[in-house]
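Chains as they are written, first to last, in the working numbering: chain A, 1 to 338; chain B, 1 to 255.
Honestly, the hints are just simulated from the structure, not real lab data.
Be aware that one or more of the hints could be misleading.
Computed cross-link-like contacts, SDA-like style, restricted to lysine to any residue with a CA-CA straight-line distance of at most 25 angstroms [to be verified]:
#1 K150/B to R315/A
#2 K150/B to S155/A
#3 K171/B to E204/A
#4 K150/B to Q314/A
Computed beta-carbon distance windows for the label pairs [unchecked claim]:
#5 R215/A to L112/B: 45 to 55 angstroms
#6 K150/B to V290/A: 50 to 60 angstroms
#7 G241/A to L112/B: 27 to 37 angstroms
Using N, Cα and C, we set each Cβ at its ideal position, and we do this for glycine too.
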Amino acid sequence: MLLAFLVFLSLVGLSWTGTFSTYTQLVIMFMGVNIIMSSSLNLINGYMGEFSCGHAGFMALGAYTSSLLTVWFFTKGSVFGPNLLPPEWSVWVFPFTLLAGGVVAALAGLMVAIPSFRTRGDYLAIITLAANYIVKSAIENIQTIGGARGFMGMSRVVNEMKNVLDIPWMMIWTWIFVFLTLGVIHRFVSSTYGKGIIAIREDEIAAEIMGVNTRRAKMAAFMLSSGMAGVAGGLIAHILGYINPGSFTIMKSTEALVMVYLGGMGSLSGSVLSAILFTLMLEVLRPLQVIKWVVVPLILFLLMMFRTEGLLGQREITDFFPRLKRIFKSREETHAAF
Amino acid sequence: MPLFEVRSLTHYFGGLKAVSDFNLHFQGGELVGLIGPNGAGKTTIFNLVCGVYRPSQGEVNMDGRSLVGFYPHQITASGIARTFQNIRLWPEMTVLDNLRVAHNYHLGYGILDVVFQTSRHRKAEAGIYKRALETLEIMGLRDHSRELVKNLPYGLQRKVEIARALMVKPKLLLLDEPSAGMNLGEKHALIELIRFIRKQFQLTIWLIEHEMRVVMTLCEYIHVLDFGATIAAGPPEEIQRNPKVIEAYLGKEVD
Numbered sequence: 001m002l003l004a005f006l007v008f009l010s011l012v013g014l015s016w017t018g019t020f021s022t023y024t025q026l027v028i029m030f031m032g033v034n035i036i037m038s039s040s041l042n043l044i045n046g047y048m049g050e051f052s053c054g055h056a057g058f059m060a061l062g063a064y065t066s067s068l069l070t071v072w073f074f075t076k077g078s079v080f081g082p083n084l085l086p087p088e089w090s091v092w093v094f095p096f097t098l099l100a101g102g103v104v105a106a107l108a109g110l111m112v113a114i115p116s117f118r119t120r121g122d123y124l125a126i127i128t129l130a131a132n133y134i135v136k137s138a139i140e141n142i143q144t145i146g147g148a149r150g151f152m153g154m155s156r157v158v159n160e161m162k163n164v165l166d167i168p169w170m171m172i173w174t175w176i177f178v179f180l181t182l183g184v185i186h187r188f189v190s191s192t193y194g195k196g197i198i199a200i201r202e203d204e205i206a207a208e209i210m211g212v213n214t215r216r217a218k219m220a221a222f223m224l225s226s227g228m229a230g231v232a233g234g235l236i237a238h239i240l241g242y243i244n245p246g247s248f249t250i251m252k253s254t255e256a257l258v259m260v261y262l263g264g265m266g267s268l269s270g271s272v273l274s275a276i277l278f279t280l281m282l283e284v285l286r287p288l289q290v291i292k293w294v295v296v297p298l299i300l301f302l303l304m305m306f307r308t309e310g311l312l313g314q315r316e317i318t319d320f321f322p323r324l325k326r327i328f329k330s331r332e333e334t335h336a337a338f
Numbered sequence: 001m002p003l004f005e006v007r008s009l010t011h012y013f014g015g016l017k018a019v020s021d022f023n024l025h026f027q028g029g030e031l032v033g034l035i036g037p038n039g040a041g042k043t044t045i046f047n048l049v050c051g052v053y054r055p056s057q058g059e060v061n062m063d064g065r066s067l068v069g070f071y072p073h074q075i076t077a078s079g080i081a082r083t084f085q086n087i088r089l090w091p092e093m094t095v096l097d098n099l100r101v102a103h104n105y106h107l108g109y110g111i112l113d114v115v116f117q118t119s120r121h122r123k124a125e126a127g128i129y130k131r132a133l134e135t136l137e138i139m140g141l142r143d144h145s146r147e148l149v150k151n152l153p154y155g156l157q158r159k160v161e162i163a164r165a166l167m168v169k170p171k172l173l174l175l176d177e178p179s180a181g182m183n184l185g186e187k188h189a190l191i192e193l194i195r196f197i198r199k200q201f202q203l204t205i206w207l208i209e210h211e212m213r214v215v216m217t218l219c220e221y222i223h224v225l226d227f228g229a230t231i232a233a234g235p236p237e238e239i240q241r242n243p244k245v246i247e248a249y250l251g252k253e254v255d
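Model the full assembly from the supplied sequences, consistent with the hints where possible.
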């Protein structure tokens, strides 16, 4: 907790004082969004052992929902007409629009959760892929929200927030949601409820017979995961100020998959570590331009050949450095003290 | 009212009659065996009872309530737990977590309680921990609680599986070939263990077993199955002498 708070304060502080350039801030915010993406996908692909490759679809839903809401509420535009609420309110309404995006994405998560009752493995992977396409194509064909051209106006909302108080708002919200996401996932997978999801990965039939309501557990996992992806989408929409359906294709889903497998399936700290490394890697390799997309997959290739289980495997970072346990003292340890 | 009863249970796999007209009832407290040659339909009966398959015909009642058509986790919650012929633990989880998960049948909190760590969640989790550790203590597995199940030797895995089944507070425990793959010493220990848990938890036990020594020592009553049909039922001494049973197991003498 304390550590999270310190990280948060230093990131926001350094952005506010201008020690971080706008570019550095952007990279750090992407890092945060990527952490949410990878850790939420890890819930499905790592902890539950299903292969979901449509994460970007849920991200798109969250991005569009929260953007439409903020733009509708706070800006004058051709689509929605005059602003509905006074622009100063944006400061505290904004997080709720992010959550609304999360809720819409979570409901869409049912689109994948319900087929998952009967299908698994490759078949479910195809369904998630289809879900990704359904979302992308649907948005592309709704002309009022820009269709394939995309949607913008979010930067005006962010500017409104800055007019109220000039602090790095997006940095703040990104990292608040990063720590919320990590907290929720950690709590979930350490609870008996969440352990049921790991049991589904290990042996689904045994889980069902030993009393786990596998349908409910799958619904919870899919909704939680896609809801978090939706929040990540809302964040990225407001960081960039522009979204289009083309940025939420299977390519984006693949990036999320890469981060999960890079970090290790079923390892939360692995997902965080890999999201940070992956974001940095993309930035460091930026001078290579298009060749970047040859080098990055190549690194993955090598990783899969020589360290199949990812950086941390199924373990957490505290298993490698037991001293860290003092900092990340988990609820689980406190229960075990009984 | 009997604790548990199976009435004219019949099941088809396509055109194959896997189980035909199986009947049984428990008043509570019995230890009954189910034997028969390979492929006789023993495990299928267990799967029908647990809700893995829905029976083609017949009734399964627990405490006077029908179990047919319910999901396996609901049937478990009604007080039936089982083990599997080929151990089906969750190998990448610790022994303690394996036991904890089995408590999902009665969680007592929802997902929002997890997210906000409400006192309801904390209390329930503390209770689950306590019960899991107690069960491990009784089963003599306390020292292994933090180990991953896959790292345990076979005999201990069997024990963990029984411990996990006990976590659901069963009234009826189904054991599917508990002695499979055990040596003589381990089999003796198993017989003692089954007697012990039966007394300790006041269980009704229904047991599939190939090893005659185990069945004949333990069971008070035995059903013999061959090609899905019950060919004999009675106390062990009778079963041992029954010509039909001998024929099913050893084949008929050539005239």
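Tested hints:
Restraint check for K150/B and R315/A: the C-alpha separation of about 15 angstroms stays at or below 25 angstroms, so the hint holds. Only pairs whose Cα atoms come within 25 angstroms are accepted, and K150/B paired with S155/A is rejected, the gap being roughly 53 angstroms. Between K171/B and E204/A the CA atoms are separated by roughly 24 angstroms; this keeps the pair inside 25 angstroms, and the hint holds. The suggested pairing of K150/B with Q314/A holds, with an alpha-carbon distance near 14 angstroms, which does not exceed 25 angstroms.
Taking the beta carbon of each, R215/A and L112/B are about 18 angstroms apart, not inside 45 to 55 angstroms as hinted. Taken as a hint, the range 50 to 60 angstroms is violated for the pair K150/B and V290/A, whose Cβ atoms sit roughly 44 angstroms apart. Taking 27 to 37 angstroms as the suggested C-beta distance range, the pair G241/A and L112/B conforms, at roughly 34 angstroms.
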